[in-house]
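Chain by chain, the residues:
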Amino acid sequence: MSPDDGTVMIECENLTRRFGHFTAVDSVSLQVRKGSIFGFLGPNGSGKSTVIRMLCGILAPTSGSARIAGFDVVRQPNAIKGLIGYMSQKFSLYDELTVAENLQFYGRLYGLRGKTLDARRNELIELTRLQPYLNRRAGLLSGGWRQRLAMACSLLHQPPVLFLDEPTAGIDPVARRELWDLLFEFSGRGMTLFVTTHYMDEAERCSHVGYIHMSKLVVCGVPDDLKSLPAVNPPNTRRLDITCDNVTVGLQALRRLEGVRTATVFGQSMHLLVDDGLQEQTIRNELARVGIAQADIYPIGPSLEDVFVALTSLNNGATPVPK
Amino acid sequence: MRTPFRGFTAILYKEFLVVLRDPATLFFMIFPPLIQMIAFGYALDTDVRNLPLVVLDEDRTAESRRILDDFVNTGTFRYAGEVSSIEELSLRMRQGKAAAALQIPPGFTRDLHAGRTAHVQVLIDGSNSTTASSALNTSIGLAFRESIRRLLGSLARREPPVEVRPQILYNPAMRSPNFFVPGVIGLVLQIATVFATAMSLVRERERGTLEQLLVSPMSRWGLMLGKIVPYLFMGMIMACGLFAIMRWLFHVPIAGDVTALLVASFLYIFALLSLGLLISTRAQNQMQALQMTMTFLLPSVFFSGFIFPRDTMPWIFQALGAALPATYFIELMRAIILRGATMVEFWQHLAILAGMGAGLFVLCVLRFRNRIA
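From first to last, the protein sequence lines are chains L and G.
Under the numbering used here, residues 1153 to 1475 are what the first sequence spells out, in order.
Under the numbering used here, residues 8 to 380 are what the second sequence spells out, in order.
Hints should not be assumed to be uniformly reliable.
SDA-like, lysine to any residue: derived pairs with alpha carbons at most 25 Å apart [stated by the list, open to error]:
1. L:K1242 - G:V25
2. L:K1242 - G:F324
3. L:K1368 - L:N1388
4. L:K1242 - G:D118
5. L:K1379 - L:L1466
6. L:K1242 - L:N1385
7. L:K1267 - G:P224
Reference excerpt, derived from the structure (chain G facing chain L, CB under 8 Å, subset only) [stated by the list, open to error]:
8. T16
9. A17
10. L24
Don't read these hints as lab results, they were simulated from the structure.
Cβ atoms here follow ideal geometry from the backbone N, Cα and C, with glycine treated the same way.
Using the sequences and the hints given, assemble the complete structure.
This is how it looks when you write it as structure tokens:
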């Protein structure tokens, strides 16, 4: 089987969950194909975890339906349990148990025994490089290693679908990159991954992304497709990256300039959405007026963040590009 | 693939490890009950002895001395000094320095010798009903014995016309440890075991590990059984420790069969652990679990017959007691330990405990949904 043979592994239709009067998830529909990495983004409390819990079959939807590899999560909960791995937002390890014991426990929980269990365990220990920590208690591991262990535990039964709820929250950049390397490796082997995150750079790495805001899914698709949406690229505009000294001073000046629709700081540079009619020289003159003599200006495409900002404001009924 | 107890051995493995891993937790699970047992066992002693008795002797004769000696010789009282006025006597009583006071009026010996009724006043501190009733009974008994002895002397008879010979079976010395300690075992076991399982699922819920268990193919029967078995082991070890303390520290002889004791303990502990698990399926956090555990503890102290006999309670409290596992266990303990009763004679109690355990266990499995909300 090729990594992506078009099989839909995760799908839901009008998935809705209410807690009393509060609607945590409002009519979310999406499809994730085999072998893809679906990045699920949204602010805290927007309903990301609630969607995952419903897809995993541990929270009943108020209405709508969801299927994992064709099995209904409500009517066939036992069928999906062997198919999914789940890494919850909290570190779901037993602190008193060592790394080896945690692996042993989760393996047995999924009915693995004897040689099969040993083989799977050794494979994952190698993959996650947990070998030196086998006899250390889980409670004494640092964030990155805990996360690796949690991942190893959720993969012992070789699930074709893996849900990860904010796997990189609170771990260092090196561990974060290594974790993503692992995810790509799994995806290459045909595993379907459903990952929630706060980080835009992580979203850029996903093959598909969805953005949930105020309980509603506002965007869903392939990052490049989303970036070329008309709502993200208003007619007769272009995006510029301007690198200069004193970006904050420059930002204040350019925001007042006629023809600049939006301006945001990105580290040492600014990202601008400007009318096509605005000349580069006009920008340089304005910068010189506030004392910035030197500036590198070049055109750029929209980032996923631009996509989410544009589509969220559309969704809220506000004008997508103010000015 | 679809065995009903799927996940049982995994949960069992994990629970044993978690319990054994942390010696401090294990220690605090086993040790305090033993200390509680010793403390309760000593504190709950209703044998009244050595009550402080002050004397206002206004007669001051050999006879008045002799009547004081008679009081002290009963063992109920101890001589706590002499006072010289009625005011001083009241002061001592009010201050709690004397539990009883003996007032011998002037002319006591004169009346005695003249064949008139000689009066002695005994004042008893009624603020503690246990000591008061004991002091009262001792005083009345003493007066009767003394009167009969003198009457027999004047009638030239050696024996009284009627004699009642009470014989106390099973606890001839009327030792209160024999009565209380078996009950204390019931209470101490309840405190330790209900709490242990009441916390177990709640802790998993708080930590987030429960979610991880729920997405696994583990069955709820497997989960509950895996949670209960390790504590059943520990509960039995605890019970054996408690029986040892009872036998060798409080010197309560075990008249019945030790096997019967262990069977009763096993069924009782199973019922308590199931109750704890049931609490665990309801409580959202450890505080709630603790409160619910305590809610079951107080009725078990008051309505189980542990201190107050159930026969004299209003029907509502008797009914309440009938719903408590502790009631049956304490009755079983007294029957087996003191009266040497057999399992066959008390099969109904055992059956009720077994039924409670099984019923509560099934209830908590059914109550537990493989969902978080």
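Comparing the hints with the structure gives:
no. : hint              : in the structure
1   : L:K1242 - G:V25   : 19 Å, holds
2   : L:K1242 - G:F324  : 46 Å, violated
3   : L:K1368 - L:N1388 : 30 Å, violated
4   : L:K1242 - G:D118  : 90 Å, violated
5   : L:K1379 - L:L1466 : 15 Å, holds
6   : L:K1242 - L:N1385 : 38 Å, violated
7   : L:K1267 - G:P224  : 20 Å, holds
8   : T16               : 6 Å, holds
9   : A17               : 4 Å, holds
10  : L24               : 6 Å, holds
When each numbered hint is compared with the structure, violations occur for hints 2, 3, 4, 6.
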